[in-house]
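Engineer: Each chain is listed here by its residues.
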Amino acid sequence: DAKTTQPPSMDCAEGRAANLPCNHSTISGNEYVYWYRQIHSQGPQYIIHGLKNNETNEMASLIITEDRKSSTLILPHATLRDTAVYYCIVRPHYNQGGKLIFGQGTELSVKP
Amino acid sequence: ETGVTQSPTHLIKTRGQQVTLRCSSQSGHNTVSWYQQALGQGPQFIFQYYREEENGRGNFPPRFSGLQFPNYSSELNVNALELDDSALYLCASSLYSASGNTIYFGEGSWLTVV
Chain A
1 DAKTTQPPSM DCAEGRAANL PCNHSTISGN EYVYWYRQIH SQGPQYIIHG
51 LKNNETNEMA SLIITEDRKS STLILPHATL RDTAVYYCIV RPHYNQGGKL
101 IFGQGTELSV KP
Chain B
1001 ETGVTQSPTH LIKTRGQQVT LRCSSQSGHN TVSWYQQALG QGPQFIFQYY
1051 REEENGRGNF PPRFSGLQFP NYSSELNVNA LELDDSALYL CASSLYSASG
1101 NTIYFGEGSW LTVV
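Residue numbers (this note's numbering), protein chains in the order written: chain A, 1 to 112; chain B, 1001 to 1114.
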């Protein structure tokens, strides 16, 4: 079973920040938080991952709470092309293969 | 672009037949994993291969099998196809190492069983 809980759907206005929450209250000390998204009919796309510090890349920012029990993915200026299902996943980063446990994710709809 | 390529992109098979799906991993990656995604569901882990051997399996029956070749490309074989096998099949590659790894997915192969 997935170790994360996400809202099933969210709406966001184009140009505004999209803040996608994720709860992972049972996260272990060696587990990272990963975010992927899946645009309709395409393969999942890696977005970002982090352990305990906030992370930022060209796609998004990841804010992890101090107790690491929850996190928020931020898309700073959402566009229509950001409409997708967003998955929050926890897993060890080191010495691991290709297994990810996906939950149901959050379906983000960006509206004009 | 993730560098992970899959073929074919779409195919239709009849119940009881066998199917082979192919995947070419990202350059430098030594681990390939396969996922099944039914309509409206998240991807489900089938199995992964590391150094040409199965190295972890999800809750899928033995009629789902695979191969990994020395060049790290891979095949997923499904025998005795059932209607419920209709799904998007995703291949993912990663580098199994002590310095950490991120998993990258291909665009998938859509299988319809009729």
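Since the hints were derived computationally from the structure, they do not count as laboratory data. Treat the hints with care, as some may be off.
Stated by the list, open to error - Listed next, with one range per pair, are the computed distances between beta-carbon atoms: (1) B:F1060 with A:P76: 23 to 31 Å; (2) B:N1077 with A:E58: 15 to 23 Å; (3) A:T72 with B:P1062: 35 to 43 Å; (4) B:R1015 with A:N53: 50 to 58 Å; (5) B:P1070 with A:Q42: 28 to 36 Å; (6) A:G103 with B:E1082: 38 to 46 Å; (7) B:I1012 with A:Q42: 31 to 39 Å; (8) A:T72 with B:I1012: 38 to 46 Å; (9) A:T26 with B:F1060: 21 to 29 Å; (10) B:G1016 with A:N23: 16 to 24 Å; (11) B:G1040 with A:T26: 32 to 40 Å; (12) B:N1059 with A:H77: 34 to 42 Å; (13) B:Q1017 with A:P21: 21 to 29 Å.
Claimed, not checked - Simulated coverage check for chain B against chain A, where a stretch passes if three residues somewhere in it have a Cβ under 8 Å from a Cβ of chain A: (14) 1016 to 1028; (15) 1084 to 1094.
None of the values given here were measured: they were computed from a predicted structure. C-beta: ideal position from N, C-alpha, C; glycine also.
Engineer: Mind listing which of the numbered hints don't hold for this structure, in increasing order?
Structural biologist: 1, 2, 6, 7, 10, 11, 13 and 14
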